[in-house]
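Participant: The primary structure of each chain is shown beneath.
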Amino acid sequence: MFSNLASRLADTFKRLRGMGKLTEADVDRALREVRLSLLEADVNFHVVRDFIKKVRERAVGQEVMASLTPGQQVVKIVYEELTRLMGSTKSGLNLSGNPPAVIMLVGLQGSGKTTTAAKLGLHLRKSGRSVMLAACDTYRPAAQDQLARVGEKAGIPTYGVGVAKDPVAIAREAVVEARRLGKDTLIVDTAGRLHVDEVLMDELSRMKQAVNPKEVLLVCDAMTGQDAVNLAQAFSEQLGIDGVILTKLDGDARGGAALSLRAVTGRPVKYVGVGEKLEALEPFHPDRMAGRILGMGDVLTLIERAEETFNAEQARKMEQKLRKQQFTLEDFLEQLKHIKRMGPLDQILGMIPGFSGNRALSKVDVDPKELIRIEAIINSMTRQERENPAIINGSRRKRIAAGSGTRVQDVNKLLRQYSEITKMMKQLSSVEKNLKRGKFPFM
Amino acid sequence: MAQNYFSRLLEGLSRTREAISGVFIGRQVLDASFLLDLEEALILSDVGHETTEVLINKLKQRARPGMNLKALVREEIAGLLNQQPWRIELPPDALAVILVVGVNGTGKTTSAGKMAHLFRVEGRKPLLAAADTFRAAAGEQLEIWAKRAGVDCVRHREGADPAAVVFDAISAARHRGADLVIADTAGRLHTKTNLMEELRKIRRVVEREVPGAPNETLLVLDATTGQNGLAQAEVFQQMLNITGIVLTKMDGTAKGGVVLAIAHKMGLPVKLVGVGEKLEDLLYFDPHAFAESLVQ
Ligand SMILES: Nc1nc2c(ncn2[C@@H]2O[C@H](COP(=O)(O)OP(=O)(O)O)[C@@H](O)[C@H]2O)c(=O)[nH]1
Ligand SMILES: [Mg+2]
Numbered sequence: 001m002f003s004n005l006a007s008r009l010a011d012t013f014k015r016l017r018g019m020g021k022l023t024e025a026d027v028d029r030a031l032r033e034v035r036l037s038l039l040e041a042d043v044n045f046h047v048v049r050d051f052i053k054k055v056r057e058r059a060v061g062q063e064v065m066a067s068l069t070p071g072q073q074v075v076k077i078v079y080e081e082l083t084r085l086m087g088s089t090k091s092g093l094n095l096s097g098n099p100p101a102v103i104m105l106v107g108l109q110g111s112g113k114t115t116t117a118a119k120l121g122l123h124l125r126k127s128g129r130s131v132m133l134a135a136c137d138t139y140r141p142a143a144q145d146q147l148a149r150v151g152e153k154a155g156i157p158t159y160g161v162g163v164a165k166d167p168v169a170i171a172r173e174a175v176v177e178a179r180r181l182g183k184d185t186l187i188v189d190t191a192g193r194l195h196v197d198e199v200l201m202d203e204l205s206r207m208k209q210a211v212n213p214k215e216v217l218l219v220c221d222a223m224t225g226q227d228a229v230n231l232a233q234a235f236s237e238q239l240g241i242d243g244v245i246l247t248k249l250d251g252d253a254r255g256g257a258a259l260s261l262r263a264v265t266g267r268p269v270k271y272v273g274v275g276e277k278l279e280a281l282e283p284f285h286p287d288r289m290a291g292r293i294l295g296m297g298d299v300l301t302l303i304e305r306a307e308e309t310f311n312a313e314q315a316r317k318m319e320q321k322l323r324k325q326q327f328t329l330e331d332f333l334e335q336l337k338h339i340k341r342m343g344p345l346d347q348i349l350g351m352i353p354g355f356s357g358n359r360a361l362s363k364v365d366v367d368p369k370e371l372i373r374i375e376a377i378i379n380s381m382t383r384q385e386r387e388n389p390a391i392i393n394g395s396r397r398k399r400i401a402a403g404s405g406t407r408v409q410d411v412n413k414l415l416r417q418y419s420e421i422t423k424m425m426k427q428l429s430s431v432e433k434n435l436k437r438g439k440f441p442f443m
Numbered sequence: 001m002a003q004n005y006f007s008r009l010l011e012g013l014s015r016t017r018e019a020i021s022g023v024f025i026g027r028q029v030l031d032a033s034f035l036l037d038l039e040e041a042l043i044l045s046d047v048g049h050e051t052t053e054v055l056i057n058k059l060k061q062r063a064r065p066g067m068n069l070k071a072l073v074r075e076e077i078a079g080l081l082n083q084q085p086w087r088i089e090l091p092p093d094a095l096a097v098i099l100v101v102g103v104n105g106t107g108k109t110t111s112a113g114k115m116a117h118l119f120r121v122e123g124r125k126p127l128l129a130a131a132d133t134f135r136a137a138a139g140e141q142l143e144i145w146a147k148r149a150g151v152d153c154v155r156h157r158e159g160a161d162p163a164a165v166v167f168d169a170i171s172a173a174r175h176r177g178a179d180l181v182i183a184d185t186a187g188r189l190h191t192k193t194n195l196m197e198e199l200r201k202i203r204r205v206v207e208r209e210v211p212g213a214p215n216e217t218l219l220v221l222d223a224t225t226g227q228n229g230l231a232q233a234e235v236f237q238q239m240l241n242i243t244g245i246v247l248t249k250m251d252g253t254a255k256g257g258v259v260l261a262i263a264h265k266m267g268l269p270v271k272l273v274g275v276g277e278k279l280e281d282l283l284y285f286d287p288h289a290f291a292e293s294l295v296q
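Here the protein sequences line up with chains F and G, keeping their order. Sequential numbering from 1 applies to the first sequence in my numbering. Sequential numbering from 1 applies to the second sequence in my numbering.
So that you can see chain G by itself, here it is in the shape it has in the complex (with noise of 0.2 Å):
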């Protein structure tokens, strides 16, 4: 399963496989030339200047003649990733409840059709939350991403309140016996201070009526994002003290470098890959293949 799972992801990943390979062919040693060709490589995965820098001045730290290049780039990249546990931890026999939020447009919706399914696979009982009801048209894509995960949702019309919508998915959740409450939430752009204060509305209503939760609040960034995503990461974390990235899109081109910026400055870690637009394309993340992605 395991071997399984990470050829599976580096699978998903493999248009971003060819992504810093070519850096490394014939190179031995640590040289100026080397370290430029480095440098470019990594910002052009969007990890930004500062945190290849921080890599670059770790590995001329580490290197010495003889040691494999590419394995000691990997391992600081994992290093970075790995600061934090990147697994999600439900309690095995309580209601826990996950808030899915970012900004427009990242793969919200998508992402909490994929969980439902991820998580029901695993032996849980999702029910999925309809809580953008501001985008039109957004409730009945979540319906029929929970059609084809097989779990209900709770929806209201379209402008009702969102931690209305919330607060009876939790209570249909306990009627019907799930125990895993799925919010997926209006996109916002993080600099609008009051939409922020909507979704910690939310979060409020979640705290009192289920204690213990969120157990995840997990923000959803599009991997083609590039160092904007920090300043996202930053004010989500601000406001929310969210637990997590979701990192989707990590199927097209572009290699969602930011995060690492994100660990290295937050000690965010990501927590969930997409890979994909079909039900299945969501994946656990794991540093050390996320490197190997990477640095192949």
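Extracted from the complex, chain F is given alone in its bound form (with noise of 0.2 Å):
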């Protein structure tokens, strides 16, 4: 959809490999690919500006101009310089002192406070806190109905709700019943409004003069375009925030808005929310973002859930075998129920760059149905053909379809899904590499 920064630099630097040195004018150019990308990316014009100028001053150095591998140290430079900008390390909340430690979720219409009060809360819930959420949205129609409901399902009370007077009151009151119930955690649900309504701007300082809270946390969808700078600077200074939490990356939004609301607020996006589920709420990680920010594809999270899936000896044997060309049919089969394990394929596909737009992959279906399909196909195949699917001709696809009970076009089909798998296992392994020695994937 979106032109892949990463291709476009590699082509861009590909160029200037091979002219040996790098001129003032090759960076430019680099860094005109680098700010239409961030631009895409809804990050905001001034911020872009700002931040081009920067990594130029560093990319015209000395040091890298005279660098062995200019066209890597450049990129290298944007990415440490973005992950700077959004704050470098995660960070969490602070909840200690006093209990119960409000939590107060702000935001406009839409961003998705109501869904984040249950998910955080659930969270909250898993590492041990015991958590009450208030309903404060006495505004949008059936909102506190819907806290109410969504709080049930992740386990956790809901005060409020029904109580048409002023929030500030039911935050209020709200704490109250959090001491008394022995609750060491609120998390406060408000209504959304946009930053320049003064008369509701002003109702959310007096909630927190009310209520005190630990935490005041931004909830800003992250599709937002330009506007995020005007929002995040009118909730921080109308407001104070303490951090961020961005929604709805599950999406293919590249969430520029998060670089954007930490230059203006100086404060850290500190959850981002993957799903709809309530599970789906996790810690920001900085440098993830910066890789999603510029099209790079998030391959640190990828790694990590290939880590989670396959223990260290699998993935030893795996890669040996791929390395030496080992990789057979059935090793495909025991791939296929891993990658299925690491999450919804399409989504672990979007992590790997440059495979985002694979057509064959897309469609490698790995419902439980398939499976099956798979694996009637692959045990209908000698152990030769196992081993060696090269050999598998004209007249073996007709005997193996046969003999599985399906059509050739699935033994077809399935022999192409195996070539591209195994392309990408091996692309995975070299990104995994080239990480390791500091290398970025696609130089």
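Check the hints yourself; a few may be wrong.
Claimed, not checked - To list a few chain F residues with every Cβ distance to chain G over 10 Å, as calculated:
(1) 80
(2) 81
(3) 140
What the hints assert, rightly or not - Cβ pair distances, simulated, as ranges:
(4) 152/F with 60/G: 21 to 29 Å
(5) 123/G with 33/F: 37 to 45 Å
(6) 283/F with 161/G: 30 to 38 Å
(7) 206/F with 265/G: 39 to 47 Å
(8) 147/G with 407/F: 53 to 61 Å
Claimed, not checked - Residues of chain G clear of chain F, computed beta-carbon distances all greater than 12 Å:
(9) 69
(10) 70
(11) 72
Quick caveat, the hints were computed from the structure, so don't treat them as lab data. The beta carbon of each residue, even a glycine, is placed where N, CA and C say it ideally should be.
These two chains come separately, so use the hints to put the complex back together.
Facilitator: In structure tokens, the structure reads:
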């Protein structure tokens, strides 16, 4: 859908590498690509301008221009600066002090506060805290019911449902109630509001004063465009915030707003929402976000998930097989099962640079029925065929199809997918190796 | 009425109006510094760099000494938005169906409620279908809007089949003499293929039950959305054949410029704009008013 910076830069730098030396004009040409890519990702215009200036200063410096791999150096600088701009390290919540620790969620209409309240509640409950929710959105029809319902799913009680009074009063009472029930955490869901709505912004300030929250978190939609700067500024100046939660990152938004929010408020993104399920809330990793904004794929998350799914021994064996070109169809079946455990395939593929557009792979269907079919096909092959699929010619295909009760097309499809997966596994292992060497996957 | 509507639209968009104003002050020539400022202003309005470039190139071609630059920019913007009819034409004497779709939180339910009011005032008899059976309390939310708009609402239990809700709403409409079914659907990210399939199923039911329907399939787009709006429009278009856009939350400071990119790339028109959270805060779109609000 959007052109991928990784591949665009790869082209630019491939040309540069052929030339041996990097001139300022070369750097500028590459930075133009970076700039467009950041704008496409919705990073704020002014933030982009400052950013490019900073990167350029470093990139045309002596050590880069004189290095043997100037192109790589430039990308590394871009990546580093971007990570730095987003706050470098992961930052959590500070909920110490007298219970209940109050967390206030604020933001524009439709940014995802209510769902996030339940998600965060569940996350904290699982980490051993006892949580209560406060339903302070008295404006949007049925908002309090919605909170109570998602709260129930998360196993968390909600205070204030059906109460129509001043939201500040509800919040204040909720604190008292939380204390009475021995809860150590209170998450306050507030109505969505425009940052230019003075009356409602003032209401938030009064609420903040009344309940003295440990954390005021701005909930922001990852798809937000250039306006992110305006809203962040307003919430930050008029209310004061301690962090940001970025929602709806499970879509294909590149999430450039994250950069703008951080740049304007100076506050870190603390969590990201990655799905509709209540478990779909993750701590934020600046380095990964940098890769995403640049369109480089989320290699780190991918590797982490792979590591969770494969044990080290399996991974080592597989890597050896790949290296020695011994990756058989049986291994393929094994891999499909593993990959399936890593998560939805489209999501996994999207994390691999250069693979998001792979047509054949996007059709790899790993639903259980398909797995059974694949298993049947592979079981109908001789041992030689399994170990050396190259020998499977037309007549063998017919025989295998008949033997497994499938069609020749199914066998063809499987063989095609096998060859794609082999390619993908190779790419994966080289990506991993390169990362360990501090190299970037697409260079 | 026309004048009235125009000023009301402009008033609704009033915060947006500060948009690209400064660029033109004291500017008579189309020089490099003017173009840089204009580029900045357009990108800050979420028009996107590609469409911004297109607009700027057109300007460069057309501008002659002594021309009014502001009027010229407005004309180009309105021209982009004016490629397709932006009016909503419903069959006068037959049952019509409007499907309301979009990603999560853009304002679908609110817009469906406001639409019921808008068309009722125009003399139709709308009925709301609560086909968002997924989000907690979505049905209750729409029901409250139905009450506000003074129309009926058909809803099932949470988790029910949304296509069945729409089917029931259509028969209820026939029974009760309603002539317009407005179906609110669950928000979904356009990247979730299985959920998109659910929308196609709703669409098929509508096609089968009402000849010529759905008369409109409207994508609700939040004006604060950046370049991802284009991806949303493309995927929903591909899956569902949408007929237009409802641009919501234009009462904030976001400019909604991505609709220019959408119009440029896909020729898809904006049909309605949301300018607040009240029943009357939904207005017909007008390219000229929009251009004027963007370039004041
Ligand atoms: N300021 C403003 N808020 C709106 C507008 N349209 C919808 N909203 C708000 O956006 C939020 C989400 O709306 P909703 O209809 O529930 O979105 P849905 O999830 O797409 O159905 C609610 O708080 C609405 O009041 C608008 O035009 N202006
Ligand atoms: Mg809704």
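Participant: Now tell me, hint by hint, if it's right for this structure.
Facilitator: Hints and how they fare:
1. Residue 80/F, annotated as away from the interface, keeps every beta carbon of chain G farther than 10 Å; the closest lies near 24 Å.
2. Every C-beta of chain G lies more than 10 Å from that of residue 81/F, the closest at about 21 Å, which supports listing it as non-interface.
3. With a minimum CB-CB distance of about 7 Å to chain G, residue 140/F fails to clear the 10 Å threshold, and the non-interface call is violated.
4. Checked against the given bound of 21 to 29 Å, the beta carbons of residue 152/F and residue 60/G, roughly 60 Å apart, lie outside it.
5. Hint check: residue 123/G to residue 33/F, Cβ distance near 55 Å, so the stated range 37 to 45 Å is violated.
6. About 37 Å separates the C-beta atoms of residue 283/F and residue 161/G, a value consistent with the hinted range of 30 to 38 Å.
7. At roughly 45 Å, the beta-carbon separation of residue 206/F and residue 265/G lies within the given 39 to 47 Å, and the hint holds.
8. Separated by about 56 Å at the C-beta atoms, residue 147/G and residue 407/F satisfy the suggested range of 53 to 61 Å.
9. The claim that residue 69/G is not at the interface with chain F holds, since no C-beta of that chain comes within 12 Å of its own (minimum 21 Å).
10. Under the 12 Å C-beta cut-off, the non-interface status given to residue 70/G relative to chain F holds; the minimum distance is some 21 Å.
11. No beta-carbon of chain F is positioned within 12 Å of the beta-carbon of residue 72/G; the least distance is around 23 Å.
Hints 3, 4 and 5, counting from the list given before, are not met by this structure.
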